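Number of protein chains: 2
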Amino acid sequence: MGSSTTPPSGFRDFLPEACAARAKVIETISGVYRSFGFQPIDTSAVEDLPVLLGKGGGENEKLIFKILKRGEKLERTEPGSELADLGLRFDLTLPLARFYSRYCGQLPNPFKAYHIGPVWRAERAQKGRYREFYQCDADIIGSESMLCEVEVISALDAAFRAFKIEPIIWLSDRSLLFSLLDQAGVPADKRGEACLLLDKLDKVDRQTLLGELETAVGAQCAKWLQSHILGGKVDRDRLDAAAPEAMGRLNQIMDILKNSPVQGRLELRPSLVRGFDYYTGPVFEFRHPRLSGAIGGGGRYDRLTEQFSGKGTPACGASIGFERLMLILEESGSVAKADELRACVSVFSPELLGHSIKTAAQLRAAGWNVDLYTGTGKLKAQFKYADTRRAKLAIIIGPEEAAAGKIKVKDLSTGQETLTTTENLEKPGS
Amino acid sequence: MGSSTTPPSGFRDFLPEACAARAKVIETISGVYRSFGFQPIDTSAVEDLPVLLGKGGGENEKLIFKILKRGEKLERTEPGSELADLGLRFDLTLPLARFYSRYCGQLPNPFKAYHIGPVWRAERAQKGRYREFYQCDADIIGSESMLCEVEVISALDAAFRAFKIEPIIWLSDRSLLFSLLDQAGVPADKRGEACLLLDKLDKVDRQTLLGELETAVGAQCAKWLQSHILGGKVDRDRLDAAAPEAMGRLNQIMDILKNSPVQGRLELRPSLVRGFDYYTGPVFEFRHPRLSGAIGGGGRYDRLTEQFSGKGTPACGASIGFERLMLILEESGSVAKADELRACVSVFSPELLGHSIKTAAQLRAAGWNVDLYTGTGKLKAQFKYADTRRAKLAIIIGPEEAAAGKIKVKDLSTGQETLTTTENLEKPGS
Chain R
1 MGSSTTPPSG FRDFLPEACA ARAKVIETIS GVYRSFGFQP IDTSAVEDLP
51 VLLGKGGGEN EKLIFKILKR GEKLERTEPG SELADLGLRF DLTLPLARFY
101 SRYCGQLPNP FKAYHIGPVW RAERAQKGRY REFYQCDADI IGSESMLCEV
151 EVISALDAAF RAFKIEPIIW LSDRSLLFSL LDQAGVPADK RGEACLLLDK
201 LDKVDRQTLL GELETAVGAQ CAKWLQSHIL GGKVDRDRLD AAAPEAMGRL
251 NQIMDILKNS PVQGRLELRP SLVRGFDYYT GPVFEFRHPR LSGAIGGGGR
301 YDRLTEQFSG KGTPACGASI GFERLMLILE ESGSVAKADE LRACVSVFSP
351 ELLGHSIKTA AQLRAAGWNV DLYTGTGKLK AQFKYADTRR AKLAIIIGPE
401 EAAAGKIKVK DLSTGQETLT TTENLEKPGS
Chain X
1 MGSSTTPPSG FRDFLPEACA ARAKVIETIS GVYRSFGFQP IDTSAVEDLP
51 VLLGKGGGEN EKLIFKILKR GEKLERTEPG SELADLGLRF DLTLPLARFY
101 SRYCGQLPNP FKAYHIGPVW RAERAQKGRY REFYQCDADI IGSESMLCEV
151 EVISALDAAF RAFKIEPIIW LSDRSLLFSL LDQAGVPADK RGEACLLLDK
201 LDKVDRQTLL GELETAVGAQ CAKWLQSHIL GGKVDRDRLD AAAPEAMGRL
251 NQIMDILKNS PVQGRLELRP SLVRGFDYYT GPVFEFRHPR LSGAIGGGGR
301 YDRLTEQFSG KGTPACGASI GFERLMLILE ESGSVAKADE LRACVSVFSP
351 ELLGHSIKTA AQLRAAGWNV DLYTGTGKLK AQFKYADTRR AKLAIIIGPE
401 EAAAGKIKVK DLSTGQETLT TTENLEKPGS
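One line per chain: the protein sequences are R and X, in this order.
Just so we're aligned: the first sequence equals residues 1 to 430 in the working numbering.
Just so we're aligned: the second sequence equals residues 1 to 430 in the working numbering.
Errors might be hidden in some of the hints.
Which copy is meant is left open, so a pair is good if it fits within one copy or across any two.
Unchecked claim - With a cut-off of at most 25 Å between alpha-carbon atoms, the simulated DSS-like pairs for lysine-lysine come out as follows:
1) K337 to K24
2) K127 to K73
3) K73 to K62
No wet-lab data here; the hints were simulated from the structure.
Note that this is a predicted model, so its numbers are computed, not measured.
Based on the provided sequences and hints, a complete structural model is requested.
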């Protein structure tokens, strides 16, 4: 038996149409990010393992695809000690923190960066969740101003709107939820668990999880949290009193965004948690109006560079869930089409090949996407090929056409045939 | 001490300018490939290890970054057996063979594919040689016609010409060199070694290596090879007699390309070897007229799908050495510039922020790339920032401008200041 032709579990291949669609979506997002003054960066796919593991390690370690040591280094590794020295990046934020710590002297301050590329996570693959997927990050590093949040939120929102998606934007702050948990009387050691449950509760069917919340923090606390955090109407005064600093930040963001295209789609949502530990202030999430799950999200992370430079740097950034976005675009049939193939030039016979080559070259030079048939089939097979390629035109140069210095052009949608010259055909608008 | 901020040895980060330049070059190459009717594909960065190792394994095994097994799978691994189950792809040709074997039923026949992406090789890093680098492949699968070679060579050549590079193209055939070695009396078991030496001899200073060739095949053989293979003028008749089939293929390719833009830059070069074992017919290499080393190359590989489907498929493809191309473009100063930042909008005071935000939003909506200052510095710092960003214009809205419904626009190259409105500024041609 031969090797398997399927990629490893959780990994994917992309056929031409999907590949072209992904490239177009990336192009659009890049263009929007650039229009907001973000600059592109790229980092290595592979990082030193200690960089990926950070101080704590623990939580991320399971996510990491680790790369085996090589050669002598592997041979010298003692049993029981780490067999890997490198790993694949699992997000684009940690690499950005390393990048910024390395280059900050050469970068504008603040630095507005965007980074679009694949990341890898050793999670169990399931429908819609892959082990290799793209992220599209936009970050501003070096400023404490809430204008960073405003610009990042606006840029992601503009990117979604470029695909006719008007997301709902949930906004909160890490310390807001912590303050509310304190008010509710949740003991400090139950904070993490309660956060996770509240975050889930806000997103899925509540009944099953409410029991879990009661078990975790007690019935009274759970009731308080349910009415004050998960309740329909947010009580601004209570929130202002509970966490004045956090609410100060959030009010600033909401004030500035009041007169922007985001208006009417921004919601204060105290239960919003976001997964990563590194957030230190406002967090936000982009939700599709008709789907569960986030299509983007981010927040402020003022301490991520500590791992590298010993000191924190104010920073705020967000990421578009590229694979979810593609899914939405595919399901709504609004995936960008690949560049059209204008013509397939067929080859009548080896003797007349020169004519076909000349015509293809001339049309390509005029900016057309043109395929020249490279197979060994007869004309019938060549027409079938042109159909498969979804070419607009098929071009045939048989003995009569060659003798008359003409080409025969067949419109593959109408079937209409025209006798013309390459010069006439390549004219704009033909 | 903090984590290191440098990427692992042989891996690189890209600052905004370099990142933008690379994206532009990739865009250009993609455009040229598409104009020749090639369709984009993508495959996973990670492959099952047996796929990468193939039948032989040996030669490639050292190149592969292997990914450590995870969780229980690692725990169950017995001492002495393979610790890895996955690996990073080391080229784009093997993944293409897997891809084609999996999807050929859904693909046009022949299938013209292009694939641009990173590959990883666990080689010792050195100047200009990286462990993570891009390849830009164009392949035609499913046809024995030498027109495939013609299209692939023409497409790569057109891509180089898009950067004003007119490469010399060396052409040969695997079996041509083998036949000549037979004629010279090189014993079969010395073939591989002789091939490698001849290939090197044709590319570097000969004196040191000639001795090695003598040691390998004997003085008489070495002399014969030197005069018949490495000699200045190629003796076509001798080649035709030595390897009629191979020369039949090569003559066909050269005939067709005689009247193409490649004309005058195509050279028959019997000593050309190309590294990979999988080539089965014509091979070719693109050489920069003023530099040593190839900037691209490829050939026919009719048996690569055997590993997957059990049967071979005629195929021909080539790859642009993207990193070398970037090096050439950088050295000649012809690297594409990043998208220009048209304006930096400064923020005069928190009270006037709304005016700045409105102006930025309006210009962005008009298609401009516009940065809004997100830092906390005073106007002086904001001008410095606009300079660092190489913006064309700086826009200031102070109390007087705001009161008058105007904006102040400073041309950062001339220093000239104008009082205008956003509406006037965004007009095309302003």
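Each hint, compared with the structure:
1. When the C-alpha separation of K337 and K24 is checked against a cutoff of 25 Å, the pair qualifies both within a copy, at 8 Å, and between copies, at 21 Å.
2. Taking identical chains as interchangeable, the C-alpha atoms of K127 and K73 lie at most 25 Å apart only when they sit on different chains, with a minimum of 22 Å there against 38 Å within one chain.
3. Within a single copy, K73 and K62 get their C-alpha atoms as close as 23 Å, and across copies as close as 13 Å, so both meet the 25 Å cut-off.
The earlier numbered hints are all upheld by this structure, with none contradicted.
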